[in-house]
Amino acid sequence: MNVVVCVKQIPDPAAKQALDPQTHNLVREGKLILDDSDAYGVEMGLQLAEQAGGGEVTLVSMAPGGETSGLRTALAMGAAKAILVSDDALAGSDALGTAKVLAKAVDRAAPDLVIAATESTDGYTGTMPVQLAELLGLPSVTFAKKVSVGEGKVHVQRQTESGYDDVECPLPAVVTVTAGVVEPRYPSFKGIMAAKSKPVDQLTLADLGIDPAQVGAAGARQEVTGVEAADARSAGEVVVDEGDGFEHVVRFLEQLKLV
Amino acid sequence: MSIDKVWVVAETTEAGPTTITLELLAKARAMGTAEALGFGPHAAAAAGVLGEHGATVLHDVGDVGEALPGAVVAAAAAALVEGGSGPDVILVPATYDGRDIAGRLSVRLDVPVITNVVDLVVDGDDVRSQHGLFGGSEVATAHFTGPRPWIFVVRAKSFSAEPVGGAPARVQAAPAPETGATNGARVLARHVEERSGPKLDEADVVVSGGRGLGGAEHYAMIEELAGLLHGAAGASRAIVDAGWVPYSHQVGQTGKTVKPTVYIACGISGATQHLVGMKGSKNIVAINKDQDAPIFSVADLGIVGDVHKVVPKLIEALKARG
Chain A
1 MNVVVCVKQI PDPAAKQALD PQTHNLVREG KLILDDSDAY GVEMGLQLAE
51 QAGGGEVTLV SMAPGGETSG LRTALAMGAA KAILVSDDAL AGSDALGTAK
101 VLAKAVDRAA PDLVIAATES TDGYTGTMPV QLAELLGLPS VTFAKKVSVG
151 EGKVHVQRQT ESGYDDVECP LPAVVTVTAG VVEPRYPSFK GIMAAKSKPV
201 DQLTLADLGI DPAQVGAAGA RQEVTGVEAA DARSAGEVVV DEGDGFEHVV
251 RFLEQLKLV
Chain B
1 MSIDKVWVVA ETTEAGPTTI TLELLAKARA MGTAEALGFG PHAAAAAGVL
51 GEHGATVLHD VGDVGEALPG AVVAAAAAAL VEGGSGPDVI LVPATYDGRD
101 IAGRLSVRLD VPVITNVVDL VVDGDDVRSQ HGLFGGSEVA TAHFTGPRPW
151 IFVVRAKSFS AEPVGGAPAR VQAAPAPETG ATNGARVLAR HVEERSGPKL
201 DEADVVVSGG RGLGGAEHYA MIEELAGLLH GAAGASRAIV DAGWVPYSHQ
251 VGQTGKTVKP TVYIACGISG ATQHLVGMKG SKNIVAINKD QDAPIFSVAD
301 LGIVGDVHKV VPKLIEALKA RG
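Residue numbers (our numbering), protein chains in the order written: chain A, 1 to 259; chain B, 1 to 322.
Chain B on its own, in the form it takes in the complex:
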């Protein structure tokens, strides 16, 4: 049975569909007939943009209020599948809510999930997924051997978003059935951590700091260098966990995936968890005092030295050039 219908779990904000949603739609429409499964207060308003990116239908679960989306969206999706209008493949963004939805849907349909997907290839009636292993040094190919729908959780920046000028997606209400205790969590308040300059996952230059900075007070030089290069400041998980910088700065497996023109890693050793998030950068510069640090194995230019000496001189030199 060939691949026909492909769903994309669509995340939307006031500004429209998120970038990863559009990336997944680009792949979905190449695989078959793309449909979006949207939720939240901004889903319906995004039907136009979703259509431009290839979605023919928007199954709209509707506003979930202050609930976390996982249980509700999974219940609505399962109801559609059980009602016979399910897809062959479901693409889910590797985001906080995306992983919740995929996990709960997997149980409701009793089908497995394949996660950390970075590429998908249709092979006749089969779909092969690709995954980076061990920090991306090896690529594994996997596929499902059981019944459809096949649920793939896909990492950001695996595909390029591109509008194709389709008509607005036809909106079809997809209300969730009763979810009982599973839908007990409520959001009491939402906190947005403001940051200036370009967005981390869209910046042309990313300057990141790690444990080698020695203390939260030294992160200022990372921000200054990023600012001089019109880039964004990032961080390793170690210093986010240590509370030096907010989570929104984190690059890596559980943080953002970045692919800038140049990535400058300052005082970052290069744990697998970090490499996964930045190894796709076009150019990598690493500054670290430990010459055996794994980051040097992926760096186009490695400076073995103290970040506290190299970075201030670099800032000075860039300032002198104006």
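Extracted from the complex, chain A is given alone in its bound form:
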């Protein structure tokens, strides 16, 4: 079974995030890393391919400047190869523009299953995978907390407002996974070395036959007009517990007439 996992390479979320004052796009300087949320999808893809007794995991990603450092992390985990779309005209792409690009790239790999995270850590719009499914003409099951494959179908435990649903879906399909669906493996030293020579097919919009007006800032047809500091919620009283910390909480609740 061949699995495509869509992965995003993002600025380190632990570093301070900022918007460009002119374009209001997220600043993407410095090294990009594999979005933590995607490690679960990569692991899920690897396990499903192994359980199916054959096939491989292909990564599909879109990033500026031919960035591959995040891809190498996922290749080191065990993915076989990657398709990276990189083109200056993609700057400022929204979720729909990204889905249009990834759909063309995913099509090339002709997968049985496409996996993505429910949302990225940096942009968290959470709509791209479903847009991708619609563009590919595929069914989708979002918010999977458990995934298995058998007899041409994928079985998913899908989170709901009140619990979860058991969902069955014919392949090929798009499935989005939550953190915790599986425990991602750490890349081994051998894996890290092997990843260096794994193929990364780098493509431009022209290679994919995409009109640049459909993607990037022009295709987004939306703009951020301003950014302001929110009404600051300032820190209040901080007390170091010396055995009496609970008393401060009780007094606080008394003031609110909750006890």
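Hints were generated in silico from the structure; no laboratory data involved.
Mixed in with the good hints there might be a few duds.
Below, simulated DSBU-like cross-link-like pairs (lysine-lysine); rule was C-alpha separation at most 35 Å, straight line [to be verified]: (1) A:257 / B:259; (2) A:257 / B:289; (3) A:16 / B:289; (4) A:16 / B:259; (5) A:16 / B:282; (6) B:313 / A:257; (7) B:157 / A:146; (8) A:145 / B:289; (9) B:309 / A:16; (10) B:157 / A:145; (11) B:199 / A:257; (12) A:145 / B:259; (13) A:198 / A:153; (14) A:257 / B:319; (15) A:16 / B:157; (16) A:81 / A:196; (17) B:282 / A:145; (18) B:289 / A:31; (19) A:146 / B:199; (20) B:199 / A:145; (21) A:145 / B:309; (22) A:257 / B:309; (23) A:146 / B:259; (24) A:196 / A:146; (25) A:104 / A:16; (26) B:289 / A:146; (27) B:157 / A:257; (28) B:282 / A:257.
Chain B is nowhere near these chain A residues, computed Cβ spacing over 10 Å in every case [stated by the list, open to error]: (29) 89; (30) 185; (31) 200; (32) 204.
Note that CB positions come from ideal geometry on N, CA and C, so glycine has one too.
Following the hints, complete the assembly by docking chain B onto the known chain A.
Chain B in isolation, oriented as in the chain A frame:
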């Protein structure tokens, strides 16, 4: 062209429209003429309540059976828009099915979607949306520059639901055209995780636990404290992902948004993902042993200490008061 027709994607259960549906209707009717786009077995029966909250029309896609609603509802909505009876603006609840519907509709109409909206302002012929960034420390304003309809996915509790006493919404059938392979998923069984006490997103007091609890067995004290305060027990994503508590307890970006009178965070560091879901609480108390934890920057009262020492003493003190 001014804003006239505003659709709300309406989610309904046996008990009627969901709270977020009514919140969106309150905004929709203030923006223009509100109409609901409903689906599922309980939609038609909700026409009365939807009307009371300002919906003039209910476009009813009908029962989707065991299908997931995304593909079907998007196809039905696209057919209405292509037939000329589409709206200027579509408000979609930021729920599991809502995001599926918005994503698929966006492709069918080839229009973008703006998500994570927490406020909307009509500005002449334009609509400005507001978004919390970086855990809510900054607010971005955005708008569409392309053709309508403009699709906004709106977070829970962005607006207040309020009935205005309108007549029942006029029900108009809105059957979906053939959806082909996109509608392949089927629900085989539905599992409801029971919980006692008030609902997490409606409780006056929410007590949440995080990784700092150290293990699933310590979550019991969170539930006990919540019970003593007649509140609801919540959780950070970390311990839900770790399987300590069911997902229905999760507060944050991908979980519930809560705005209680007081939110008590126990052993929660305060990742952006969590802050987004609870920063609107009227009062915040944080108990965490790491004095540099980001949760303290939003807490009205911070206790730097071990949850295993502070919380049991707090429970004891509350019990002693009876």
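Evaluation of the provided hints:
no. : hint          : result
1   : A:257 / B:259 : holds, 17 Å
2   : A:257 / B:289 : holds, 27 Å
3   : A:16 / B:289  : holds, 23 Å
4   : A:16 / B:259  : holds, 27 Å
5   : A:16 / B:282  : holds, 27 Å
6   : B:313 / A:257 : holds, 20 Å
7   : B:157 / A:146 : holds, 29 Å
8   : A:145 / B:289 : holds, 31 Å
9   : B:309 / A:16  : holds, 33 Å
10  : B:157 / A:145 : holds, 26 Å
11  : B:199 / A:257 : holds, 21 Å
12  : A:145 / B:259 : holds, 27 Å
13  : A:198 / A:153 : holds, 30 Å
14  : A:257 / B:319 : holds, 16 Å
15  : A:16 / B:157  : holds, 28 Å
16  : A:81 / A:196  : holds, 11 Å
17  : B:282 / A:145 : holds, 32 Å
18  : B:289 / A:31  : holds, 32 Å
19  : A:146 / B:199 : holds, 26 Å
20  : B:199 / A:145 : holds, 23 Å
21  : A:145 / B:309 : holds, 33 Å
22  : A:257 / B:309 : holds, 24 Å
23  : A:146 / B:259 : holds, 30 Å
24  : A:196 / A:146 : holds, 31 Å
25  : A:104 / A:16  : holds, 33 Å
26  : B:289 / A:146 : holds, 33 Å
27  : B:157 / A:257 : holds, 24 Å
28  : B:282 / A:257 : holds, 14 Å
29  : 89            : holds, 17 Å
30  : 185           : holds, 16 Å
31  : 200           : holds, 28 Å
32  : 204           : holds, 23 Å
Going through the hint list in order, the structure satisfies each hint without exception.
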